[in-house]
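Undergrad: Sequence:
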Amino acid sequence: METTTIHIKNALFFKIPQSKRRLFLTNVRLAEDIGIDKTRASLLLTFVTVGSAFGRVIVGRLSDIQRFNRVYIVQLAFLVIGLSNFVVPVTESYPILAINAFIFGLFAGAYLILNPVIVCDILGPDKVSYGLGMSYLLLSVPRTLGPLIAGRIYDGLQSYAIAFYILGGTTCLSAFLATFVSILIRRKVDDKSESCKNNEPSV
Numbered sequence: 000m001e002t003t004t005i006h007i008k009n010a011l012f013f014k015i016p017q018s019k020r021r022l023f024l025t026n027v028r029l030a031e032d033i034g035i036d037k038t039r040a041s042l043l044l045t046f047v048t049v050g051s052a053f054g055r056v057i058v059g060r061l062s063d064i065q066r067f068n069r070v071y072i073v074q075l076a077f078l079v080i081g082l083s084n085f086v087v088p089v090t091e092s093y094p095i096l097a098i099n100a101f102i103f104g105l106f107a108g109a110y111l112i113l114n115p116v117i118v119c120d121i122l123g124p125d126k127v128s129y130g131l132g133m134s135y136l137l138l139s140v141p142r143t144l145g146p147l148i149a150g151r152i153y154d155g156l157q158s159y160a161i162a163f164y165i166l167g168g169t170t171c172l173s174a175f176l177a178t179f180v181s182i183l184i185r186r187k188v189d190d191k192s193e194s195c196k197n198n199e200p201s202v
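For the sequence shown, numbering that gives the first Met the number 0 begins at 0 and goes up steadily by one.
Incorrect hints may have been included.
Said to hold, decoys possible - In silico SDA-like cross-links for lysine to any residue, where the CA-CA straight-line distance does not exceed 20 angstroms:
#, residue 1, residue 2
1, Lys37, Lys126
2, Lys37, Val116
3, Lys126, Val116
4, Lys37, Phe53
5, Lys37, Pro94
6, Lys37, Asn114
7, Lys37, Glu91
8, Lys37, Leu137
9, Lys126, Asn114
10, Lys37, Val56
11, Lys37, Ala52
12, Lys126, Ile112
13, Lys126, Thr143
14, Lys37, Leu136
15, Lys126, Arg142
16, Lys37, Ser158
17, Lys37, Pro115
18, Lys37, Ile112
19, Lys37, Ala97
20, Lys126, Leu144
21, Lys37, Arg55
Claimed, not checked - With beta-carbon atoms standing in for the labels, derived distance ranges:
#, residue 1, residue 2, range
22, Ser92, Tyr164, 32 to 40 angstroms
23, Ile161, Tyr129, 18 to 26 angstroms
24, Asp36, Phe175, 23 to 31 angstroms
25, Tyr153, Val56, 46 to 54 angstroms
26, Phe85, Arg39, 17 to 25 angstroms
27, Asn68, Pro94, 27 to 35 angstroms
28, Ala160, Pro124, 40 to 48 angstroms
29, Gln157, Ile182, 42 to 50 angstroms
Hints are computed from structural coordinates only; laboratory data are not their basis.
Glycine is no exception: its CB is placed at the ideal position from the N, C-alpha and C atoms.
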């Protein structure tokens with residue numbers, strides 16, 4: 000029961016931005032609405048994919064370096080992803096949209112590659128399969144509901160802007176919630192240290 004509670008806390012801050020990956024598909028529609036041709040608009044998704052590939056490789060390497068805190072990297076990723084979604088509705092410049100799409104993909108790839116690593120840090124290697132299962136179960140909720148909610152907002156307002164603002168805000172909130180994951184990891188390390196001290200043989 001304790002393991003489930005801990006992992007739910009961990010997964011809650013990971014699941015919010017997942018709907019944003021699906022919502023970012025509407026970036027193509029927004030680009031077409033401001034007069035960008037379909038070919039160039041569809042290339043925005045290519046920029047996201049290329050950025051994601053670079054993000055996974057670069058952050059995967061950085062996360063192996065001990066002085067880099069993985070949770071802090073994820074917090075930065077969430078913050079940048081959230082801010083990138085505020086940019087989409089307020090610009091009509093294709094170069095800005097393209098750069099923004101690449102940055103979005105770069106940091107989305109960063110937190111996606113670190114999700115299993117942080118789950119392992121919290122639950123340990125023995126329970127990582129259970130933890131990832133619980134994580135992906137929770138991730139499926141926003142990935143399913145996010146596009147539906149965005150569609151309903153568009154039907155009512157004839158604009159995706161509000162959906163981008165709302166989900167941009169929730170992703171920035173995720174950056175704050177990630178602080179609690181740092182606390183969980185530190186607590187686990189402290190518990191291990193205390194356990195080792197208690198198991199030391201007395202002289």
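Undergrad: Next, verify each hint and record whether it holds.
TA: Hint check:
{"no.": "1", "hint": "Lys37 / Lys126", "verdict": "violated (46 angstroms)"}
{"no.": "2", "hint": "Lys37 / Val116", "verdict": "violated (38 angstroms)"}
{"no.": "3", "hint": "Lys126 / Val116", "verdict": "holds (12 angstroms)"}
{"no.": "4", "hint": "Lys37 / Phe53", "verdict": "violated (25 angstroms)"}
{"no.": "5", "hint": "Lys37 / Pro94", "verdict": "holds (15 angstroms)"}
{"no.": "6", "hint": "Lys37 / Asn114", "verdict": "violated (34 angstroms)"}
{"no.": "7", "hint": "Lys37 / Glu91", "verdict": "holds (15 angstroms)"}
{"no.": "8", "hint": "Lys37 / Leu137", "verdict": "violated (34 angstroms)"}
{"no.": "9", "hint": "Lys126 / Asn114", "verdict": "holds (14 angstroms)"}
{"no.": "10", "hint": "Lys37 / Val56", "verdict": "violated (30 angstroms)"}
{"no.": "11", "hint": "Lys37 / Ala52", "verdict": "violated (24 angstroms)"}
{"no.": "12", "hint": "Lys126 / Ile112", "verdict": "holds (18 angstroms)"}
{"no.": "13", "hint": "Lys126 / Thr143", "verdict": "violated (26 angstroms)"}
{"no.": "14", "hint": "Lys37 / Leu136", "verdict": "violated (34 angstroms)"}
{"no.": "15", "hint": "Lys126 / Arg142", "verdict": "violated (24 angstroms)"}
{"no.": "16", "hint": "Lys37 / Ser158", "verdict": "holds (18 angstroms)"}
{"no.": "17", "hint": "Lys37 / Pro115", "verdict": "violated (36 angstroms)"}
{"no.": "18", "hint": "Lys37 / Ile112", "verdict": "violated (31 angstroms)"}
{"no.": "19", "hint": "Lys37 / Ala97", "verdict": "holds (14 angstroms)"}
{"no.": "20", "hint": "Lys126 / Leu144", "verdict": "violated (28 angstroms)"}
{"no.": "21", "hint": "Lys37 / Arg55", "verdict": "violated (28 angstroms)"}
{"no.": "22", "hint": "Ser92 / Tyr164: 32 to 40 angstroms", "verdict": "violated (19 angstroms)"}
{"no.": "23", "hint": "Ile161 / Tyr129: 18 to 26 angstroms", "verdict": "violated (37 angstroms)"}
{"no.": "24", "hint": "Asp36 / Phe175: 23 to 31 angstroms", "verdict": "violated (39 angstroms)"}
{"no.": "25", "hint": "Tyr153 / Val56: 46 to 54 angstroms", "verdict": "violated (35 angstroms)"}
{"no.": "26", "hint": "Phe85 / Arg39: 17 to 25 angstroms", "verdict": "holds (22 angstroms)"}
{"no.": "27", "hint": "Asn68 / Pro94: 27 to 35 angstroms", "verdict": "holds (33 angstroms)"}
{"no.": "28", "hint": "Ala160 / Pro124: 40 to 48 angstroms", "verdict": "holds (44 angstroms)"}
{"no.": "29", "hint": "Gln157 / Ile182: 42 to 50 angstroms", "verdict": "holds (43 angstroms)"}
Consistency note: the structure conflicts with the earlier hints numbered 1, 2, 4, 6, 8, 10, 11, 13, 14, 15, 17, 18, 20, 21, 22, 23, 24, 25.
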